[in-house]
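Visitor: If you read the sequences in order, they're chains A and B. Numbering (the numbering used here) for the first sequence: 21 to 325. Numbering (the numbering used here) for the second sequence: 792 to 1204.
Under 8 Å between C-beta atoms, here's a sample of chain A residues computed to sit facing chain B: (1) 84; (2) 279; (3) 296.
Worth flagging that the hints you see were computed from the coordinates, not collected in a lab. No residue lacks a Cβ here, since even glycine has one placed at the ideal position from N, Cα and C.
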Amino acid sequence: MSESQMTNLVSFSEGYGSQRSRFNFSPYVFVLPCALFAAALLFYPVVSSLALSFRQATVDTFVSGDMPFNGLTQYQAAIGDPVFWRAVINTVLFTVFSIVFQFTIGFLLALLFQFEFPLKSFCLALLLIPWVLPLLTSANIFKGLFNEAGLINQLLHLAGNRPIPWLADRQFALPATIVANIWVGFPFNFVLLYAGMRNIPVELYEAAKLDGADYWRRVFQITLPILKPVSVSVLMLGTVYTVKVFDLVWIMTGGGPANSTHLLSTYAYQVGFSILNFGEAAAIATLMVLLLLILNLFQLLMKPR
Amino acid sequence: MRQVRVAKFRRASLAIATLALLTLGASSGYTETTVEVIHYFNVEGQVQALADIQKDFEKANPDIKIKYTYVPFGELVSRTLQMAAVHKAPAIAAIDNPDVLRVAKSNILEDISQEVNKLPIWSDIYPGPKKAVTADGKAYGVPIGSNSLALYYNKKMLSEAGVEPPKTWQQLSDVATKTTKSPVYGIAFSAVNTEESTWQWEPFLWSNGGSLVDLTSSNAVAALQLWVDWVSKGLASKDALNWEQGDVASQFTGGRAATMVMGPWMLDAVKKSGVDFGIVPIPVPKEGAKPVVPLGGECWCVLKTNSQVEAAAMKFISFTEEPERLRKLCDTFNYISSVKNIAKQQGESNPQLVPFVEQMDTAKARSEDGGAKYPEISLATRTAIQRAVSGQAPADQALKESAAKINSILSKN
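If we strip away everything but chain A, and leave its shape as in the complex, we get (with noise of 0.2 Å):
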C-alpha cells in the first residue's frame, strides 16, 4: 500500500469517524411517532388486506386461522361475477358525474363570491352546509326527498306529473344517488377553488382589463390557468374522497334495487360483511385501489410540469 492510499484512508476514518460519534438522532426521533402511525394505521392494514386477498378467507376458515393461500381464485370469482362490473362501471360514472358538476358548481360559485354583495358572509357559511352535515343525516334527507311521496315528487305532481320512484328504479336511482352526492361534495371544491382566487394579484385583472379583456376572457386566461395547481389537486382530492363513497349510497339504495347501485366500496362490504367472504372482499377492495391508482394517473398527466 502507498502512502498517499495510507494518509487517504486514515484521513476517511478520521473524517467519517468522528462524525459517525456524533450521529444526530433527533430528527429521526421526531419523524418515529409518525412512521409508527403510519405503520401500524396505513402500511399494515394494506398489506394485510392484500395478502388476505390471496387466501380463502370465508367464515370456515377465518377463525381457526389456517385460511389456506389459494392464488388468484379470489380475484377470479370477483370478475366472474357480473355484479361486480355492474360495481365498476357504476364506480366510474359516479366518480366522473361528481366530480364534474362539483367542480363546475364550485368554479362558478366561487367566481359569483369574488363580488362584494350584501349577507356575503352569511352565504358562504351557508355554502358550508352539506359539507360540515353528518353524511348520515344528508343521506337519509336525500332519501326522504327521493321518496314516491316526497318533496321532489310532490314538486312533479303539482307540475302535472306522475311521480317516479327514483330510488326503486334501476334507470334513476344511481343517477339520484349522484345527485346527493353532488350536493354533499361541491363546498369542498367551492371552498379551495375560493381560497386560490383569492391569491391571484389584483393587479393581472386590472392590467388585463385595461388591455380590454371582458370578464370571461379574464376568468379563462387569468383565473383559469393560475389556479391550474389547486384545481388538479381539487380534482385528484375529488377522485379519491368520491371512490371511496359508501355510507350515501349504502343508506339511500343499500346498493339496490337488484344490485343495480352498488359501488365498489359497497359491493366488498356486502361480499365481506353479508356473505363473510372475506377474501373475496379484499379482493375486491384491491382492485378498486387499482382503479383509483388509474383514475389518478389520469389526473397526474394534466399535472403542469
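Use these hints to put chain B onto chain A, whose structure you have.
Guide: The following block gives chain B in isolation, referenced to the frame of chain A:
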C-alpha cells in the same frame, strides 16, 4: 446528588410494584367469573329487561358478573368471529337464528346438547326454533323468543271498501284492489335489498310449498308473481323496493297503506299511532292451507372459552329460560315465546298475538333452506325479488338466474 435521586426512585418503584402485586393477589384470590354477552338489542324495553335480569342473576350468583356488549345488528356475526379469532371470544352471543348454524360451522360455538336437555322448557320448544339451533343432532343454542310475520289491516279502510279481512291470496289481492285509492295503497311490504325482503317473501313462498333451494318451481314463480302483480297493478308502491320494515310500518300508521306484512315487534308502535287495526294470519294460496311463516328471533349461544366461563354462561342462560322470567322477557321484547306452553299463555292474555301464536306450529326456521349457507342463498334470492318487482325481468326469468347462482353456492364444498 444524582446517585441519591436514583436510589430514591428505585425504592419508590419497588414499593409501587409490591403494592401492585399485593392487589393483584387479592383480586385473584376471590374467584369471580365474568360472562360477556354480545348482543344487538337496543330498544328501550329490551335494554331494561336485560338490565333487570342481570341484577337478579348477579344477586343470586355473587361469583358471576354479567357484562353486556352492544354491537349494531349488521356487525354481530363478524364481530363475534373477530373476537373468537383473537381468542377474546365473548361467553355468550345472542345470534339471530338464521345465522346460528353458519356461525356453528366456523367451529367457535360449544355443543350444548347435554346442557339443554336438562332445561325444563327444552322438550316443549316448537319444532321450528329447535331446528334453527340444531345440526347433526347437536344443539348450538337456546332460543330467546321468536317472532314472525302476519297481516295487519286497517279496520276502517276495509269496512269502507266493504271487504272482510283476507284469508287467501285471491282475497288479499281483492282487498288490496278495493282499498287502493290515492294516496292509499292496498298493501305494503318490504322488498328492500337486505335480508328483510327475503324474510317478507318467505311466508308466501313457503305457504305455497316452495323452497329457496328450488326457485325454478312453479310454486316459487307463483309466489313472486303475486308480489310483482301487486306492484305492476299499482296496489303496492314501487317504493317497497326501498322500504325497510320500519318504513312499511310508518306507511301503515300514516294511513297510506290498508294492509301490511309485519311482525309482532311493531304492535306497540301501531297501537300508539291510534290506527284501528286487526291482525290475521298470512293469507294462504288456497282456502284451508296452512300458513308457513319464517321464524325470527335470537338464540343464546355459548362460545368456546374455558370450562369455568362456559359453565357460568350456561348458568345465566338457564336462569333466563326459567318459565316465568322467560315469559316476562318475551312480553317486553314483543316476541312470541319459542316454548309452546308460554306462547299459549301469551295468546290468552293478549288476543292480538293469537295469529302469531297459531302460526308457530308450522313456522319454519330460515336455515332449514340451505343450513349454514342460508345467508348466501337469501342474498341470491333477494336479487331475484328485486329484479322482478322492479320490472327488470319477468318473475320466472329472475328466479331462474338466481336459482343457477344458488346451485353453484350449494355445490361449493
